[in-house]
Amino acid sequence: MERFEHPSIIRLCHWAQAIALAVLIPSGLQIFDAFPSFGEKVPQKDLFEPPGFTMLGGWLGGALQWHFTFAWLLIVSLIVYIVYQAISGNWRQVLFVRRDLAGVWPMARYYFFFGPKPALHEVYNPLQKQAYTVAIGLIGVSVITGLALYKPVQLSALVWLMGGFRLTRIWHFAAMCGLLAFIPGHLVMVALHGWSNFASMWTGWKRAHDESVS
Amino acid sequence: MNLPKLPTKRTRRELLKMTPLLGAAALFLPSSRDWLLEHGVGLSDRASETTFRSMHLAPTFSDRAVTALDQFPLNSYLQDDPDVDLEAWRLTVEGLVQHAGEYAIDTIRQLPKITQNTRHVCVEGWDVIGNFGGARLADFLDRVGADPTARFIEVSCADDYYESLEMAAARHPQTLLCYEMYGQPITREHGAPVRLQIPTKLGYKQAKYLMTLRVTNVLQAKRGYWEDQGYAWHGGL
Chain A
1 MERFEHPSII RLCHWAQAIA LAVLIPSGLQ IFDAFPSFGE KVPQKDLFEP PGFTMLGGWL
61 GGALQWHFTF AWLLIVSLIV YIVYQAISGN WRQVLFVRRD LAGVWPMARY YFFFGPKPAL
121 HEVYNPLQKQ AYTVAIGLIG VSVITGLALY KPVQLSALVW LMGGFRLTRI WHFAAMCGLL
181 AFIPGHLVMV ALHGWSNFAS MWTGWKRAHD ESVS
Chain G
215 MNLPKLPTKR TRRELLKMTP LLGAAALFLP SSRDWLLEHG VGLSDRASET TFRSMHLAPT
275 FSDRAVTALD QFPLNSYLQD DPDVDLEAWR LTVEGLVQHA GEYAIDTIRQ LPKITQNTRH
335 VCVEGWDVIG NFGGARLADF LDRVGADPTA RFIEVSCADD YYESLEMAAA RHPQTLLCYE
395 MYGQPITREH GAPVRLQIPT KLGYKQAKYL MTLRVTNVLQ AKRGYWEDQG YAWHGGL
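Those sequence lines, one after another, are chains A and G.
The opening position of the first sequence corresponds to residue 1 in the working numbering, with each subsequent residue numbered one higher.
The opening position of the second sequence corresponds to residue 215 in the working numbering, with each subsequent residue numbered one higher.
In short, the hints are calculated from the structure, not lab data.
Hints should not be assumed to be uniformly reliable.
Stated by the list, open to error - Result set (DSSO-like, lysine-lysine): computed pairs, CA atoms no more than 30 Å apart in a straight line: (1) A/Lys151 x G/Lys231; (2) A/Lys117 x A/Lys41; (3) A/Lys45 x A/Lys151; (4) A/Lys151 x G/Lys327; (5) G/Lys327 x A/Lys41.
As the list claims (entries may be wrong) - Derived Cβ-Cβ restraints for the label pairs, each shown as a range: (6) A/Ala86 x G/Asp374: 49 to 59 Å; (7) A/Ala34 x G/Thr363: 14 to 24 Å; (8) A/Val76 x G/Asp374: 35 to 45 Å; (9) G/Leu288 x A/Ala157: 24 to 34 Å; (10) A/Gly89 x G/Met269: 14 to 24 Å; (11) A/Arg166 x G/Gln293: 27 to 37 Å; (12) G/Ala261 x A/Leu120: 23 to 33 Å; (13) A/Lys45 x G/Phe275: 14 to 24 Å; (14) A/Glu49 x G/Leu257: 26 to 36 Å.
As the list claims (entries may be wrong) - Incomplete in silico selection of chain A near chain G, CB under 8 Å: (15) Ile19; (16) Ile31; (17) Val42; (18) Lys45; (19) Asp46; (20) Gln65; (21) Trp66; (22) Phe68; (23) Arg169; (24) Phe173; (25) Trp202.
Even glycine gets a Cβ: it sits at the ideal position worked out from N, Cα and C.
The following block holds chain A by itself, in its conformation from the complex (with noise of 0.2 Å):
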């Protein structure tokens, strides 16, 4: 048995926010680097320096080269993937609602603290639809936020919503820390559950001996 669980547009958006976010992530970091504070510039305190190998771009003109390519994509994908969950119905399957809260916990006593399995009715778990849920938002605050940075003035309405043009760059930054959180636990859950669940986002099948899910 075999069970259908992405459509194409979705495996396609998946994928292009994949490329996107590793290219913006790592130019981000090369252009956080040359000004890494959110305070002051004279006196000016570092708050760390980004390692070389996170770094892509190789100094702040080429990463913001790649930054202000792949935000296209970032962008354009998030919009088409938005567009599609909305009007297909298929949001159903990630959007993390009120009445998955009651499942979060049983789902993380299971994976972390050797808790009995909870039976599962949906394709993804409710644990799996809260991640899911806040990635794509945290992908959404990055985008606005984004836009705020590259355009303060014509979008200085924004930056004002926001407290400023200082905490616009934190909320970017945060953001990105949020992602940075999600990427690691998506890549290990993926690997855990093998290849046929990996395939899946690439073909829309799974195959169903493989009934759990990441």
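Knowing the structure of chain A, use the given hints to seat chain G on it.
Below, chain G alone, put in the same frame as chain A:
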């Protein structure tokens, strides 16, 4: 959901569907990577020009919000003082203007004076609110009879820096030929005697120590000191 027919050659199909990975791998080839980045930045610049609102004002701030002058950062590219002879200084104006020639600072000072507290944003990520005084570049362009249909201005500086701007930003009401900061003549390290001050643009567009101003429809190959090394040309905020 209307399910596709159950596949039989699962693994082969799974592998075939991963061919987009080859596209991602192309990013590591210098030629395709350079092409992609050039077009990505070009697209961003075109979007910046299209969305630039020529009458939308950058936020202005109260005097209390202004950063002290001694905390206003310096980011000169060569030296903080290119030794401009302030007495003999003239701004050379050329290109598509009715009155080409050399203009003394008095010509600029005689134009209506604008004073504004605006945010100076550096491409590095820092920002500072400064107090700037000067004449609108738009007023000066009218004074020298610049062609109203011309598309760009180009400036060159005493320290060999150079920049170019599209006319929408050059004629923006907050774009100044700035000769004062904090109520005093602009100091040498901040660009004496005259610098561009453009609250709608990043700092690298706001050239210091202006020496020549050219009005043109065609940009020269050298479009800006940093732009020629890879920064985006528009640099609009």
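**Study point:** A/Lys45 as chain G interface residue, shortest Cβ-Cβ below 8 Å
**Key:** violated (12 Å)
**Study point:** Evaluation of the interface hint that places A/Arg169 against chain G, nearest CB under 8 Å
**Key:** holds (7 Å)
Check your understanding: Taking the least C-beta to C-beta distance, is A/Phe68 closer than 8 Å to chain G?
Key -> holds (4 Å)
Review point. Per the hint of 24 to 34 Å, is the separation of the Cβ atoms of G/Leu288 and A/Ala157 within bounds?
Key: Distance hint for G/Leu288, A/Ala157 holds at roughly 31 Å.
Check your understanding: Is the interface hint for A/Phe173 satisfied, with its Cβ closer than 8 Å to some Cβ of chain G?
Key -> Nearest chain G Cβ about 10 Å off; hint violated.
Exercise for review: Assess, step by step, whether the Cα of A/Lys117 is no farther than 30 Å from the Cα of A/Lys41, and give holds or violated.
Suggested key: violated (53 Å)
Check your understanding: Taking the least C-beta to C-beta distance, is A/Trp66 closer than 8 Å to chain G?
Key -> holds (7 Å)
Check your understanding: Do the Cβ positions of A/Val76 and G/Asp374 conform to the proposed distance bound of 35 to 45 Å?
Key -> This hint holds: roughly 40 Å between Cβ atoms.
Review point. Per the hint of 27 to 37 Å, is the separation of the Cβ atoms of A/Arg166 and G/Gln293 within bounds?
Key: holds (30 Å)
Point to revise | Status of the given 14 to 24 Å range, CB of G/Phe275 versus CB of A/Lys45 | key: holds (23 Å)
Review point. Within 30 Å, alpha carbon to alpha carbon, are G/Lys327 and A/Lys41?
Key: holds (29 Å)
Review point. Is the Cα-Cα distance between A/Lys151 and G/Lys327 30 Å or less?
Key: holds (27 Å)
Violated hints, in rising order: 1, 2, 7, 10, 12, 18, 19 and 24; the structure is consistent with all others.
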